[in-house]
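Number of protein chains: 4
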Amino acid sequence: MRAARLRRLAGSLAIGHVRYSTTGSSQLKNAQPFLVGTRHGAVAIAHNGNLLNAVALRAELEAQGAVFSSTSDTEVILHLIARSNAGSLIDAAVEALHQVRGAYSLVLMNEHQLLGIRDPRGFRPLSVGRLKDGYLLASESCAFDLLEATFVRDVEPGEFVCIDREGLRSAFPLPAEPPAPCIFEHVYFARPDSHVFGQQVSRVRKELGRLLAEEAPVEADVVVPVPDSGIYAALGYAQGAGIPYDYGIVRNHYVGRTFIEPQKSIRHFGVKIKLNPVREVLEGRRVVLVDDSIVRGTTSRKIVSMLRAAGAREIHMRISSPPTTWPCYYGIDTPTRRELIASSHTVEEIRRYIQADSLAYLSHQGLLRAVGKGEGYCAACFTGVYPVPFPVEDVSQLRLL
Amino acid sequence: MRAARLRRLAGSLAIGHVRYSTTGSSQLKNAQPFLVGTRHGAVAIAHNGNLLNAVALRAELEAQGAVFSSTSDTEVILHLIARSNAGSLIDAAVEALHQVRGAYSLVLMNEHQLLGIRDPRGFRPLSVGRLKDGYLLASESCAFDLLEATFVRDVEPGEFVCIDREGLRSAFPLPAEPPAPCIFEHVYFARPDSHVFGQQVSRVRKELGRLLAEEAPVEADVVVPVPDSGIYAALGYAQGAGIPYDYGIVRNHYVGRTFIEPQKSIRHFGVKIKLNPVREVLEGRRVVLVDDSIVRGTTSRKIVSMLRAAGAREIHMRISSPPTTWPCYYGIDTPTRRELIASSHTVEEIRRYIQADSLAYLSHQGLLRAVGKGEGYCAACFTGVYPVPFPVEDVSQLRLL
Amino acid sequence: MRAARLRRLAGSLAIGHVRYSTTGSSQLKNAQPFLVGTRHGAVAIAHNGNLLNAVALRAELEAQGAVFSSTSDTEVILHLIARSNAGSLIDAAVEALHQVRGAYSLVLMNEHQLLGIRDPRGFRPLSVGRLKDGYLLASESCAFDLLEATFVRDVEPGEFVCIDREGLRSAFPLPAEPPAPCIFEHVYFARPDSHVFGQQVSRVRKELGRLLAEEAPVEADVVVPVPDSGIYAALGYAQGAGIPYDYGIVRNHYVGRTFIEPQKSIRHFGVKIKLNPVREVLEGRRVVLVDDSIVRGTTSRKIVSMLRAAGAREIHMRISSPPTTWPCYYGIDTPTRRELIASSHTVEEIRRYIQADSLAYLSHQGLLRAVGKGEGYCAACFTGVYPVPFPVEDVSQLRLL
Amino acid sequence: MRAARLRRLAGSLAIGHVRYSTTGSSQLKNAQPFLVGTRHGAVAIAHNGNLLNAVALRAELEAQGAVFSSTSDTEVILHLIARSNAGSLIDAAVEALHQVRGAYSLVLMNEHQLLGIRDPRGFRPLSVGRLKDGYLLASESCAFDLLEATFVRDVEPGEFVCIDREGLRSAFPLPAEPPAPCIFEHVYFARPDSHVFGQQVSRVRKELGRLLAEEAPVEADVVVPVPDSGIYAALGYAQGAGIPYDYGIVRNHYVGRTFIEPQKSIRHFGVKIKLNPVREVLEGRRVVLVDDSIVRGTTSRKIVSMLRAAGAREIHMRISSPPTTWPCYYGIDTPTRRELIASSHTVEEIRRYIQADSLAYLSHQGLLRAVGKGEGYCAACFTGVYPVPFPVEDVSQLRLL
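Chains A, B, C and D, in that order, give the protein sequences.
According to my numbering, the stretch in the first sequence is residues 1 to 401, in order.
According to my numbering, the stretch in the second sequence is residues 1 to 401, in order.
According to my numbering, the stretch in the third sequence is residues 1 to 401, in order.
According to my numbering, the stretch in the fourth sequence is residues 1 to 401, in order.
It is worth saying that the hints were derived from the structure and are not from the lab.
Just so you know, these numbers come straight off a predicted model, no measurement behind them.
Fair warning: there could be bad hints in the mix.
[What the hints assert, rightly or not] So, partial list: chain A residues that the calculated Cβ filter (under 8 Å) puts toward chain B:
no.	residue
1	Val36
2	Gly37
3	Ala66
4	Phe68
5	Leu78
6	His79
7	Ala82
8	Arg83
9	Gly87
10	His112
11	Gln113
12	Leu115
13	Glu166
Ideal Cβ placement from N, Cα and C applies to all residues, glycine included.
Go ahead and model the full structure; you've got the sequences and the hints to work with.
Right, dumping it as structure tokens:
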């Protein structure tokens, strides 16, 4: 939105949102925030995460006469709130969220209050910032820096914060559950300049690389990151291993992140246009190539082949997390099991597929050491141990037609 | 929508809609048709008319937990349908419309059926057409001509027609009420090439002019229509009076109809850019200037002054309907009483305001003679006799915020 | 351009232009006005007409080192001006136009002066208007009415008018030639509310209809115009013949004029979507159908068939100009001879093709009587007598590649 | 351009171009490539660089009757070519470029040939690539990688390469002059993955950092690059100094490069939105902050202040080139002398302005050692020694109005 239009907006509360659709399709009608009319007045919502019982709840709500305007799981929460006869938006939200299972970091708003809510497991991050007299809520703390606001603290798992003219209040109205913040935020998803779950992201990533250097050393001439996903882990690896760090691959800044691009054909083309080898860094060298994860294996295979064509003598791929073997049901848009190469191939098979001279992943122990809180994470994508059970049917089947 | 996109659409049922918003504001979220998910599956709706108890119904529905995504009265109908536990869309619609008062010609659709519904008074038109094996529903029959479909018949007041693979069925499930089709459709609103309420519109308009010539003759040299609203009545006047018909005003086709343009400033400018006098037709002549109605009087005043500047010797304004004194609550976007010049001024005062040499309106009797069914019309805008009571509060106050 | 942007423009001289490309293709680079830098400073030009020796001149200019940025014949004039070492823009224009043959009504501008120029034959119109202290130039006088400016007079054939801070001066610097204003402006091209070549257009068109009624009477019940091209001639015919005038065809205002739409497929579809028959006017009637001309015959054939389907008992087509047998090289975008049905078919053959009960054209004498100046017109499209010879090669072959 | 449109294009020769306008304003009419019609047929041109005698040549050409369609210096070349009566495009180009002084890497094309031309000084780069059977020309070799083409060689200063169906030929038709390729391409302008003037850019930049560490060592805890302009020099500095390299500033990828953004207000805002400090890397540390150059000083001042606010204990700024004291007239869009902080301030004054604890620039000797060819560069922006004299008047004054 242009500056001029922003300036014209009145009022003291607002929500903005960018969500890569994980449930329901990417259509205008699913664009958040949603703004609706209810018995509690106008209510707006923005949601980061993924509900696990949305299909069942929606069927139930429709049976009771609800009208759905989108295919998003988020709308289910609005209906549950609208149905509550609690006297306040926050009480209605408590009542609504008692019925919901899954991952949700929510920002809810009516004309008077701004609520920040994290599910009891705390899968996704949500943090509180401060700008002059006002409070802000953001998925990632780096948003505060852009606004020259200050990071105050994380919203805790299960916490409801309520911001209004009186200031900020806090409550934990839902039954407590063992926290399970998403470990993949640290590995890949969060912005490196954010604080997530009490840790600074780029620091964690360098630590992942340092531990990877300990676990999987190799004799080499240069450590090269896959830009931009591997740069912090690669720097940590280089520092840990005492091998020079260098930019053997240059990224074209006109293209976005590979992982979240919606269409296969674009993603494929994306890689080609995006990365350029630097022959002077690679030629005749034994290269440690560092990335955060391997999803399908096709991108890594292309990069390895590109480095070889640019003269690399040996290519040792190092991945700063364990093999990604299970899909995420809590809001990261990973592909299905079938598409995850590590769910059906051994490390040696993957190495052969991507044609690296060696391949090593960080151990699960290493991962937990780096993030610093041994027990408290959801690492289902690596372990298959899902903190909240998910339904057998595909959760992404919310449809209007 | 471009031809290529239309061709790609699958399926055998569809709704399109253009509605000038009369209740709720003109925003994207109020654009029809609406498509929502309900217990009856996906339901789409398009609505011509205006509900009178929408504010109360919406308040009630919200109190019961409904979530509203728009500010349109039409959404109320969708919620009533969604709440019905009737076994079919048509039965749910019957149940829903029992609770609704006001003017509605509806097209409703689910995956299997297309419903056409007219309220028991039949305020707004709705007609059935046929194209090859298929049926069509349209507000005005002229839409069929464009598609080379044929006009079959009007949907009757209170009738529900149901179109599906079996063909077309009809029912009258709501309590019958005396029909009250909108007489102003004939005077101004409908397209001249349509059939509305069993009459051909342009024929009715010429008849209005012919009767006006009988009721309010004048010695003159030429009959000049205000384009395009007055051309049929002017032609009828000319034929009835035996005075030559001629184009003394030319309309710039780049500009739309004055009456329905949303913003005052545009409408004002609209008139200036829209009409050009033809001096050769006007100079030294005694002109009968014919239009369908006078709303605020400002447009007529400008036209009279324009004709005088172009040399007209006398200007006798003739209006092919009675003075418009009351606002419409049934779907025509007339201004409030305060803005209707005839609600507070006599004919002579209006004449003086618009600066015509004489001014005459068609009588109510004349109007009824021309439309051909003496009793069966809603003429509330002329008489103040409203067939369906409307609430005291402003019906246009549906708001989200 | 939006009002806000217009208001921000500085300065006291300006040119705007809409030209249907007749030579060179319809590309952005051919959009007028052109603004270029020359030894005479910045020069802008807008051109209505068509040059006949543009291909030869351009070849010559290129041989002398000229750089052409467009495929338009208009750019040739700019180069001739730029090459002139005359001391003023007007003298340079005189020098340039000595070398040019063909049809041109030009508006030329530098930082100080606005020139209006009509070629010695005066093929295309150009008129002078006045708004407060300022002068205006426009192809058609109706533009002045929209701006509430007043029509002052036509620029004469061969006249150069120069408008600057001193006011308006006039000169006739080119060798005089017999004037040949385009008769087809009166028949079809000009807007009905304009004055063109000293005549009011809608008046001329009614006169064409009146003379047509004299020349080609027929017993009938109703005179129906093809909207909008035939309405004035039809009104004249009805008045002359004493047969009632009525609207048997209604035009959909969302679609533009048929003649000038650029693509065949659109034009074809255009007719279907554009015209609707009014059964009540046509059914059982003997209809005089009036239009201004028949080009390919396909449109007339479709209209006749549409009227028959709507119940017309007889259809007598009357055309308010002689058969169009020759293409125009002076700026009207008529099709080639091969596509003009009248160039290869007799009137009776055309009647059979369009399936009318009778068909008559206005005579050449009739046409000249209506426009009022027996000798002084170019009627090449009807007679094949071209006032300015045109080259054998296709004049529309200006190309960059 | 979308893939589908690209696929539809016919032919075997093409030019695309992105040029930040340095002479003439940034308007659509100045967008390159230009395509014009001339005696040599259609000619297209794309130009990297800046002509020094364009104003004088244009005045001369206008006096001879030339018509200019843009305000770009590039158009002057087209006119000189069009005026040449040489028998081929290449001979015409030779004749034209004899008259031109300044910096130009050109791609010229007619229907049969593609020419690549570098001015005798070779200010700007131009290289030849190969894709299957075809040749490519590009300003920077990294473009070839994106297309999976191979880099063949640089076009040499003063060289004309001609590509057609026969293959590639080469000539040196202009008087030889001492080469003066732009040293600033290596410092900042070129993409890091390109080969420019025989050197790999990222390698040169690391060498600049390494030499800077030798020349201006400092005791510190971490070397932090200003992203992205300083990352290679910072890496070289870190390697040279044996101090850990780390990312203390994270760049928001949604925003482009600071240097070339056209409007001041945007640039200012750009810095704020673009860079985020990473407190964990900075807090309590002695930081070496590395960038490629200081232009106005405002950006550096903001970054230093941002690092201090994030806890940096000491900030030692190191610049991998000498102070930028003179504007460039050969195609880099540097500000005027008055805006270049180093043209009027000593290093110590600049240090005080940006509020760093220490500040050092690379020496001119160091710069020359890193680029590897002691004599052969234009370093006018650092030395004020301009290889080609420029006119006293502002060269950026090409205007239409």
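(message) Output the indices of the hints that this structure fails to meet, ascending.
(response) Violated hints: 9, 10, 11, 12, 13; rest satisfied.
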